[in-house]
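Peer 1: As given, the protein sequences belong to chains A and B, one line each in that order.
Be aware that the first sequence starts at 1, since it is given in my numbering, and climbs by one per residue.
Be aware that the second sequence starts at 1001, since it is given in my numbering, and climbs by one per residue.
Derived from the structure by calculation, the hints contain no laboratory data.
Possibly wrong hints are sitting among the right ones.
Unchecked claim - Looking from chain B toward chain A, a few residues come up when the C-beta cut is under 10 Å (computed):
{"hint": "1", "residue": "1027"}
{"hint": "2", "residue": "1028"}
{"hint": "3", "residue": "1086"}
{"hint": "4", "residue": "1111"}
{"hint": "5", "residue": "1128"}
{"hint": "6", "residue": "1140"}
{"hint": "7", "residue": "1250"}
Unchecked claim - Which stretches of chain A does chain B cover? Using the computed rule of at least three CB atoms under 8 Å from a CB of chain B, they are:
{"hint": "8", "region": "25-33"}
{"hint": "9", "region": "139-148"}
Every residue gets a Cβ at the ideal spot worked out from N, C-alpha and C, and that includes glycine.
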Amino acid sequence: MTAEPDGPEDRLRRFATIWSRAVFPVTATSLTRPEFEQRLVPLARRLSEALRARTFDSAEGQAVGAALIDAHCTEPEALSRTLDCVDAYLVLYCGGDGSQEALRTRSARLQHAMAAGFARALRERTLTEQEAIARAALQAQGVVADALHATEARFRAVFEGAAIGIGIADLDGNLLQVNNALLRMFGGTEQLMRGRKVTDWTHPEDAPQVWRLYEELVRGDREHYHVEKAFYRPDGTVLWTNLTVSLLRDADGAPQYQLALMEDTTERRLLNLRLRYEATHDALTGLPNRTLFFERLDKALSAGEDMRFGLCYLDLDGFKTINDSLGHAAGDRLLVEVADRLQSCATAPGEMVARLGGDEFVALTTGPDTEREVDALADRIMNALVTPVRIDGRELTVRGSIGIVEGPAGERGPAEVLRSADITMYRAKSAGGNRYELADPEADARAITRHGLTTALPAALDRGEFFIEYQPLVRLGDGGVHGAEALVRWLHPQHGVLGPDRFIPLAEHTGLIVPLGRWVLEQSVRQAREWQDRHTGAGPVRINVNLSPCQLTHPGLVSDTVDILERAGLEPSALCLEVTESALIGADDDLLKPLRRLAEMGVDIALDDFGTGYSNLANLRRLPVSILKLDRSFTQGMQQFPADPVDLKIVEGIVSLAHSLDLSVTVEGVETGAQAEQLRILGCDTAQGWYYARPGPPDRLHELALVDATG
Amino acid sequence: MERPAWAPRGIDISVPSVSRIYDYYLGGSHNFEVDREAARRAMEFMPGLPRIMQANRAFMRRAVRFAAEEGVTQFLDIGSGIPTFGSVHEVARAVRPEARVVYVDHDPVAVAHTEAVLSGEEGVDVVAADLRKPREILGSSVVRDLMDLNRPVALLLVAILHFVEDEDDPYAAVAELRDALAPGSLLVVTHASYEGIPLPPERAEGAVDVYKDIRNPLIMRSRDDIARFFEGYDMVEPGLVPMPKWRPDSAAEDEDPYSYSGFAGVGRTA
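Using the sequences plus the hints, can you model the full thing?
Peer 2: In C-alpha cells form, the structure reads like this:
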C-alpha cells in the first residue's frame, strides 16, 4: 500500500511507528522493531477506523488490547505506554476533521476498552499458561511416580521372589517385614513372624560372638556381620542358616534398620554331617575309623597338664583262618559282633573304640586316671571276647591279643604311640595270644615293625642290603648235588639278617617285589653260570628261583627272564622257577601264558608248597609245571621211627600220581638220614633240607658239589 | 546407597527451574512462585535480564533462519526449555516447511509441557536427556527416527552451556556431539559472560549468586573459553560476537545495552 505523504495512510503509519518505538523496549518479542511495527499497523488501523466510525463500538478497543497480548506485549508497562501513545497521538494522527471533543471522548473510551481487553486477554493467557505448566508438572510427576512405582514393584518382586530369606527389623529388634522365602524357611505364617523380636531367636548352638556382633551392629559400630546360625522353627525343629546382617542408615547416616539375609543351610549341614560321619566311621561296623581315631588320639595327646591317655590295640587271633575257612561274609559278621561288644566296653566319657582296619581295633581312654582305667578297659575287652560268637550255627571262639600303651599327654605323637601299641600287641601275640601286654620302651626299641621295614625296603635295594643264600638240591638216587634254591635275605642295618617271610609280603604289597625279584633272578642266574664254569664235568648245576604272585602278572616276566639268561649265557633248562600252588589256584589262561612260554623255552616250572592249599589234582594237567615240591609238612611224619604209615601212603600216592603225569617230585625239609632213605624208597626224585645243608653262601655249594664230584 | 540407574529422579516443583525462570523473563506464565521469586531476586541485581533473554531469542531466531536458508533441514535444540513463541520449528518451517526438529531438555516439567504443545505436530519431538550424556541423546529413539545424521544438522546449544560446570566437562560433550555430525552441520551457541554486561561485575555477581543458590550455578566464561566450544568448526561470519551484532536485521539503535551481555556465534563443520 503506498502512502501519500501526509495523507491518511501516511499519518496512520507514523502513528504506528511512534507506538512501536514506545512499546518495543518493554515487549518480550523476538521480532525486530520494524517487524514489530508491522504487527502494530493493522491494530492502529482498527483504532483509527473505530475513532471515526459512524456508530462507535468500544469492542474494537478491547480487540486491540487483546491483540497486544498476542504480540507478546504482556508487560503492564506495554499497556501503559500504549495508552499514553493513543491518548497523545491517535486523535492527532487519525482523527481527521471530526469534532475534537467527540474524538477525544471516543479516544478515551477506546483506551478504557483497550485496557479491559488487554487485562482480559492477559488474564486468559496467564491462566492458560499456568494451567499448562501445572499440567506439565503433574504429568512429569506422574511419569516419575509411574517409574517409582515400577521401581518399587521391581524391588518388591526381588524381595518376594528372592530365594534367600530377607527380613527387616528396627534397631530394637522388632521384626517389620519378612519375605516368603524366610517364611518358608521357618515354616511359619506372617502372623507368626510379625511382632517377633530378633533377640528372641537365641539357640543353644549360637557361637559366642553372634550376639556381640548383633549389639555392635544395632549400636551403629558395625556395618554388617556374617555368621552361621541356628534357629528354632515354630514346630521345634532346627533351621541352620548362613546369616548376613547389615545395618541400614537413613539419609543422614543415622542407623535406622537392620537387614537380615539368610540362606537355609540345614540340608547342606546335614549332608556335611553325614559326609563327615562317613569319612570318620567304618562302613562295616559303624565304629569310628582310623581318621577319627587319630583325631581323638591327637587331641588326647595334646591335652593339658595332668591329662593322660591309655590305648588298647587289639588284634584278633586267628582271624585269617576264620576268613579263609568260612569265607569273608562270615568274617565280616564276626567283626561286626566283635565291634558291638567292644563298643559296650568303652562307654564312659573320654573313651572310644575304633576299627583301624582288618581285624585291628583300638580302644582309647583319656583323662587324669588312665593308669588305672586302661587295665580295666583291657580286662573288659578280654571278657567281652570270652563268650563264643555264633555264626551260621557255629560257635566261634574269639581270642585277641592286646598291646597297651599308657602315659601322660604332651610327650609323644600319635604315630609313635600307635607304633608302640602295635609292637606290644605283637609281643602279646608271639607270647601265645589271648592276652595283653604293657608297652615297654626297651622292647619297642628292639621290635621290628612292618611299617618300618616297608618304608626301608626301597632304599635297602639301592644300598645293596639284600643278599642270596643257596640251599642245595640233592638227587635222592645217588646223593649228588642236583642244583640249589636261591633264598633272598636282607641284612638290615639295625635288625640283622631277616628272612624272606619278614619282608617278601611287604615287598609284594608295595610292588617292590618286581625289581627285587628281578635282582634275585639276575644274581642267581649269574651264580649258576659261574658254578657251571668252575665245575665242569659234574653234570649241570640247576638253579631254583622263587616267583611271587605279583611277578607272575608282571608283563615283563618273560622278556626279563630271557634277557637275564642270555646275558649270563645260561641255558634255560638250567633254571627252575618256583611258583606257589596258591598263586596258581584258579589261574586262567592269561595268567598261565607267560609260564607256558617259559616252559616251552625249556625253563622248569616247579609247583612250590604242594599240598598246603586246596590241591586240585585235576588242575595239575593243565598247568605248565614239570616239578612238584612237596611241603615240609609231609616229611615231618617221617622224622620219627617208624614213620607214620598214613603219611607214607599219601606221599607214595602223590609221587605215583606225579610220575604218571611226567612230573618229578622234590621234597623239602629233609632233616634226617632216615627220612632221606624213606623218601628215596617212595620214589621221590630230589630233596633239600638241613640233613644235606642249610642255606649258605655260594662257595659252600661249590664245596659240596666238589665233594660230591670227588666222593 | 547408590541409586540404581533405573530408579527415576524425583520432581520437586518447590525448587526453581532455569527454564521456568527463563519463561518468566520472557513475560510468560509457565512458571511457579518459586521461579518468579528467584527471577525477581536476580533482577534486583540485573534489572535488564529480560532484555538479555529477548536478545537471545532474537539471535536464535536469526540463526535458525540462517541455517534453514543455508539448506539445513534438521535441528537439534538441546536445552530447549519451555516452548514459547518463536520456537525453533516455527522459525525453521517458515523457511523450510519440511524441517525436522528434536528438542532436548533434562527438566521433566519442560519436557512434559513440550510434549503437550507439540502433540499432533509431525516431524517435531522432544527427548528427556542431558547434554552431559551426549550418547543418550544421539542414541535416543526420537533422534534415530527423526534425524539422518549423515546429513547436516543445526545443533543448537543456546543458553545452556553456561549451566554445565567444568567438572562435567562440557567441552568433551560438545566434541562428542560434533563428532557425530555430518560435514556442513552448524553449531549455534550463546553463552553468558561478564563481558558486555553494562554493570560493574560485582553487581552481575549478585545475579550469578542467585543461580548458585538455586543449585543451578551459572558459569560465566570468558570469550576465549567460549570460543573453545567451536573447536573443529569454522566460524560463520561475523564470528563470536555480542548477540545483537550477529547478522542483525535492523539498526542497532533499538537495542537495549543489556543485550550486549555474553556471546553468540555459529560454526560450521568442515
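Peer 1: Determine for every hint whether it applies to the structure shown.
Peer 2: Hint check results:
Residue-level restraint check for residue 1027 of chain B holds (minimum Cβ-Cβ distance to chain A is 4 Å; threshold 10 Å). A distance limit of 10 Å between C-beta atoms decides the matter here; for residue 1028 of chain B the minimum to chain A is near 6 Å, and the interface restraint holds. Hint status for residue 1086 of chain B relative to chain A: holds, with the closest Cβ pair at about 4 Å, below 10 Å. Restraint check, residue 1111 of chain B versus chain A: the minimum CB separation of about 7 Å is within 10 Å; hint holds.
A hinted interface residue such as residue 1128 of chain B counts as satisfied when its beta carbon comes closer than 10 Å to some beta carbon of chain A; here the least separation is about 9 Å, so the hint holds. The beta carbon of residue 1140 of chain B comes no nearer than 16 Å to any beta carbon in chain A, farther than 10 Å, and the hint placing it at the interface is violated. Against a cut-off of 10 Å between C-beta atoms, the interface hint on residue 1250 of chain B holds, since the closest Cβ of chain A lies about 4 Å away. With 8 residues having a Cβ less than 8 Å from any Cβ of chain B, the region 25-33 of chain A passes the three-residue criterion, so the hint holds.
Only residues whose beta carbon comes within less than 8 Å of a beta carbon in chain B count, and the region 139-148 of chain A has 7; three or more means the coverage holds.
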